[in-house]
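Chemist: As a plain string of letters, each chain reads:
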Amino acid sequence: EDQVTQSPEALRLQEGESSSLNCSYTVSGLRGLFWYRQDPGKGPEFLFTLYSAGEEKEKERLKATLTKKESFLHITAPKPEDSATYLCAVRHFGNEKLTFGTGTRLTIIP
Amino acid sequence: EAGVTQFPSHSVIEKGQTVTLRCDPISGHDNLYWYRRVMGKEIKFLLHFVKESKQDESGMPNNRFLAERTGGTYSTLKVQPAELEDSGVYFCASRLYGQGGYTFGSGTRLTVV
Chain A
1 EDQVTQSPEA LRLQEGESSS LNCSYTVSGL RGLFWYRQDP GKGPEFLFTL
51 YSAGEEKEKE RLKATLTKKE SFLHITAPKP EDSATYLCAV RHFGNEKLTF
101 GTGTRLTIIP
Chain B
1001 EAGVTQFPSH SVIEKGQTVT LRCDPISGHD NLYWYRRVMG KEIKFLLHFV
1051 KESKQDESGM PNNRFLAERT GGTYSTLKVQ PAELEDSGVY FCASRLYGQG
1101 GYTFGSGTRL TVV
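As they're listed, the protein sequences go chains A and B.
Position one of the first sequence corresponds to residue 1 (the numbering used here), numbered consecutively onward.
Position one of the second sequence corresponds to residue 1001 (the numbering used here), numbered consecutively onward.
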């Protein structure tokens, strides 16, 4: 059974203070690792899909990386509008469903 | 392009009543998924449609839950009769075949009292 563990559960940063969120996973045949952002009262908003170890993707202040056991979401010089819950999910070959972690609640303090 | 639309956004019902949630996927998306998040837990898969056919319903909790997708367009998720443990946020997502990203709706918050 696929498993996803995210850490930390919550993270408070000062504006401009860079950091990383961790997603550790166990999956039989990774088909994709997904990062989502979720704001209160909204649905998950798609950020990135990573498919193989060594792959990296960037979007504005966010950069996602992938190894065979974990993924990191690096946030560089964050702004208050980056405050949200960040979710990690995996999909394995032969299956369409996503298995989610519980998320990291990120707060950026002005 | 309109996103995934879900309604109602909130529903409060009494234990034993019936509730029907609706999801309108992005036009042309043949894959439609239902997920649920109960308080304090992670988002969990319920089922997957390809067009009007149920492809995977391994996440459905029990036979009180019935999902349909009429003509391969919108989908409904009926809970009958509702129990207290059914409370949570129900998300719908859709995806075009061959594309990587799953687009989620804003969810329906269901409270059973």
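Wrong hints could be hidden among the right ones.
[Said to hold, decoys possible] Capping the alpha-carbon separation at 20 angstroms, the derived lysine to aspartate or glutamate pairs in EDC-like fashion look like this: (1) B/K1044 <-> A/E58; (2) B/K1044 <-> A/E45; (3) B/K1044 <-> A/D2; (4) A/K79 <-> A/E58; (5) B/K1051 <-> B/E1014; (6) B/K1041 <-> A/E1; (7) A/K42 <-> B/E1042; (8) A/K79 <-> A/E45; (9) A/K63 <-> A/D39; (10) B/K1041 <-> A/D2.
Keep in mind the hints are simulated off the structure, nothing from the lab.
Chemist: Against each hint, give a clear statement of whether it holds in the structure.
Modeler: Results for each hint:
{"no.": "1", "hint": "B/K1044 <-> A/E58", "verdict": "violated (27 angstroms)"}
{"no.": "2", "hint": "B/K1044 <-> A/E45", "verdict": "holds (16 angstroms)"}
{"no.": "3", "hint": "B/K1044 <-> A/D2", "verdict": "holds (12 angstroms)"}
{"no.": "4", "hint": "A/K79 <-> A/E58", "verdict": "holds (16 angstroms)"}
{"no.": "5", "hint": "B/K1051 <-> B/E1014", "verdict": "violated (33 angstroms)"}
{"no.": "6", "hint": "B/K1041 <-> A/E1", "verdict": "holds (17 angstroms)"}
{"no.": "7", "hint": "A/K42 <-> B/E1042", "verdict": "holds (15 angstroms)"}
{"no.": "8", "hint": "A/K79 <-> A/E45", "verdict": "holds (18 angstroms)"}
{"no.": "9", "hint": "A/K63 <-> A/D39", "verdict": "holds (19 angstroms)"}
{"no.": "10", "hint": "B/K1041 <-> A/D2", "verdict": "holds (16 angstroms)"}
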